[in-house]
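Protein sequence lines correspond, in order, to chains D and V. Going by the numbering used here, the first residue of the first sequence is number 1, and it counts up by one from there. Going by the numbering used here, the first residue of the second sequence is number 1001, and it counts up by one from there.
Zero decoy hints are in this set.
With a straight-line Cα cutoff of 35 Å, these simulated DSBU-like cross-link-like pairs (lysine-lysine) come out:
1) D:Lys102 x D:Lys27
2) D:Lys102 x D:Lys126
3) D:Lys95 x D:Lys120
4) D:Lys15 x D:Lys102
5) D:Lys124 x V:Lys1195
6) V:Lys1195 x D:Lys95
7) D:Lys147 x V:Lys1195
8) D:Lys15 x D:Lys120
9) D:Lys120 x D:Lys152
10) D:Lys194 x D:Lys120
11) V:Lys1195 x D:Lys194
12) D:Lys120 x D:Lys205
13) D:Lys126 x V:Lys1195
14) D:Lys102 x V:Lys1195
15) D:Lys152 x D:Lys205
16) D:Lys124 x D:Lys194
17) D:Lys120 x D:Lys147
18) D:Lys124 x D:Lys85
19) D:Lys205 x D:Lys102
20) D:Lys85 x D:Lys18
21) D:Lys152 x V:Lys1195
22) D:Lys95 x D:Lys27
23) D:Lys95 x D:Lys18
24) V:Lys1195 x D:Lys120
25) D:Lys124 x D:Lys152
26) D:Lys119 x V:Lys1195
27) D:Lys124 x D:Lys95
These are computed hints drawn from the structure, not numbers from a lab. Note that the structure is a prediction, hence the values are computed from the model and not measured.
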Amino acid sequence: MSNDSIQTATEIKLKMNKVDLHYGAFKALSNVSMDIQRNSITAFIGPSGCGKSSLLRIFNRMNDLIPIARVDGEVFLDDLSIYDKSTDVTYLRTKIGMVFQKPNVFPTSIYDNLVIGPKKHGIKHKIDLDDIVERCLDQVALWGETKDILQKPAQSLTPGDQQRLCIARALAIEPDVILMDESCSALDPVSTAKVEELMMELQEKYTIIIVTHNMEQALRVSDYCAFMMINPERAGELVEYSLTVDMFSNPTDQRTEDYITGRFG
Amino acid sequence: MNSNSEKLSHAVFFALALSSISALVLITVFILVQGAPIIAEIGLFKFVFGMTWAPLKGEFGIFPMIVGSVSATIGAAILGVPIGICCAIFLAEFAPPLMRNIFRPAIQLLAGIPSVVYGFWGLIFIVPSIRDHLGGPGLSILAGSIILAIMILPTVISITEVSILALPSSYKEGALALGLNRWQTISSVILPAAKSGIIAAVILGIGRAIGETMAVIMVLGNAVALPESVLDPVRTLTTNIGIEMGYAVGAHRQALFATGIVLFVIIMVLNTTAQYIARRK
Ligand SMILES: Nc1ncnc2c1ncn2[C@@H]1O[C@H](COP(=O)(O)OP(=O)(O)O)[C@@H](O)[C@H]1O
Ligand SMILES: [Mg+2]
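If we strip away everything but chain V, and leave its shape as in the complex, we get (with noise of 0.2 Å):
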């Protein structure tokens, strides 16, 4: 090939590859810039730990929206996980063909519906029925974490699926010919061989249902508080941004942005460990 158009499409590769990092440092200094300032003048520990929020008596405190973030969070993968590893093994190791290629697909879909979809869907059937058969507003963590499960499945059955068709044949094969059944082949062999895969599912699961909101506003509640149980509202670290950013101002604007940073670094902090975890061999 000419050694100068070569040179010109290397140039044109590489200009567009810079712009997509590029938007990447736009945002996170973008983010910096707006929302480091009231931190600092906060406190990085009373910001991250403060118990209230009353933007309009300048107190900015998010402990109760990491709580929020965090059950939600965690109920997301206690319902999600589960479901989600069981399907890969079946779609990996049990199901049929053509069985395969009606759920592959289906699951895909499930990725594609719209977040604003689930939430409104969560609040016309899910959020009535908590509240009607389990008390409370129904406007609860448990709606949320019921949302955020189906959502999350997507990720963990496909990368879970995944590491589990990567393994090399020869490990089946060799506990097959040890005698040990189909359950025991998947239990103590292909489950930890594929461990770090799995993980890695988990835990990019796991940053979708944290960064989520649409979905969360709509079912959540909102309610900027300790949750005492899972039947209560609570707000998270997205939807607290999602709902004031259309009115703040000054001060409390900074805090939406500071906000976004703690996001930014605990969803930094998930995808780092999933990425050197799965990495690791």
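So here's chain D without its partners, still in its complex pose (with noise of 0.2 Å):
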């Protein structure tokens, strides 16, 4: 990424302050604060069972699934406090989007995985949904692939064009943010390069965050990257947070050498 992108791009769209996550007695995340530049590509890294993807799913509030999940502290979308009793879960999960690690779209034609959301948020004519459905295939470069076969079942794709079309269905309701947790863990590397392209131009139009095990991955796509560790008492936490090309070429924290080192070695 040039240092431009970075320069230009300095206004604060997400912000995490002393944010703990328990998951029942379990301290899973302790005292996170972190604040993500907008139209960013922010990457989480850090070994297995960190909290990494805990810690991307307290922005849209995924942990609300989970019953014994309890997050402390605040967030931030905006100026909008994402915690806040009266804040309306549905409407944040419009403004941030997500797509998960295995491609998840559901068992209903490409054209119904895309509109599904838009229609539920109250768009109901026809054209406008077919509007959607081009704009964010487009966006997705799948709309020269499928505009043919819009009806057939999404599951016929194949798992790097579900994954394209899962980020579509995310496109579809207009966020402001995409979370992506490992989203090419589960696709070839033809298809990760695809989708590693994708996320670098909708940044210009996005704030992305991604979870991502590939040292690699994160040094192409990323501007900043956080880095987390489990510590003593097994809680997850930000070791070290900073510019990519920073973290990679000069980690101010042993631990994040030591890791960063190991897994490129």
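Two independent chains are provided; combine them into the complex using the hints.
As structure tokens, then:
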């Protein structure tokens, strides 16, 4: 990434302030504070089980699905306090879309996968829905391949195309932020390259956070990098958070350096 | 393990498996041998669509009983299926664990009540209620449908619930991540995804209803005539066999077996369809 794009993107889109996450009595995240820059790609890296997914899911309140999960601290999307009692989770999730590890297209047609979100949020006319389908498929470079097979089952696509469809589905609700939890880990190298290219294009309009195990990927696509690890109490901690180029060339924390060199080794 | 003892246990299991299959073959062949000649004699069309059942005059038309079976079964489906599906959704998606642990065994218990008890309860409770509040003799399609609806609930609920629970949680997560609320997630993602299992549940429920005998003998009134409303009595294919079997001889007896063949075919078709739909992905 060029330095220009970083310097012009200084507005804060998401903010975490002293966040703890508990699963029941187990503290999974301890005292995480971070600012996510608008129109940037931020990568969460760290060993398995250090809480990357948990941290990511705090932003769109997916942890609400887990009855024993409890979040303390403050989290903001622009001025919206994400964990405020008056916050409408449905609205929040239309602003913060998510793409999962395995492509999870619904067992319906390509078209229906894309319109399900917009329909539920009040768009009724077929012309408008058709427009959304074309725009979103175009954004993920699937329109050419799929425009004649929109009524086919989405599950008949290749895994790589399914994952791009999932990204298109997230774009269809016009979010500001897109969360991607190891979204390339189930894909072959060619599909991975396509999705990475897509992330960098989407960065112009969206704020993107990815979780990845792949150091090369973090280095290739991300502007900022957050390295996490479990502390002696087994809770996940944010060890280092900086520009990706800085972290990979000149990590400030010994643990970061060990992890990065170990992963590249 | 010793290969001889392995062979032996293999043979034992094979023999046991074979015996259950051979029971099926035996019953099928027996019914066919007993019932097919009279169908051939009367003619399939006249037997199935004939309007008169008068064994003493040698007239064997089972159409009113087909109508009886079908109407009581459709009634049971109309009453039982929506309740069963809603109950399954509740158990799979909403019920807190404690409530689930009470509901599930309770529903299984429902499946364990002998059908004669259902019939008896229907006779002393449902039938008089219908007679008093809606008119007619009380012994009616409606009474049978209500009883059958309750009897198919365990089948519909458990198969629907299993097929909802078998869905990968990624569907639900995906839907919620799009900002759908819980109900939208269920109606537009979960139910369509579980569709084939739910259809199978309904078909197996219907198969259960159409094959039921004892409970409906007691509440349907058993008149061999085309019903004009749900408050009229009917006779089903199963009750026809159940009622007359004891004293039937000769052609009459054969005609009852022939009724059994028709029933057998209907249930085979339903079960095969259910299996085909459930297996289709
Ligand atoms: N639903 C859950 N219930 C209880 N513990 C969980 C749950 N999800 C994750 N955890 C625990 O939280 C920790 C962090 O998990 P996770 O966020 O998945 O890590 P990562 O994505 O970095 O591999 C792990 O110790 C994991 O066992
Ligand atoms: Mg993870």
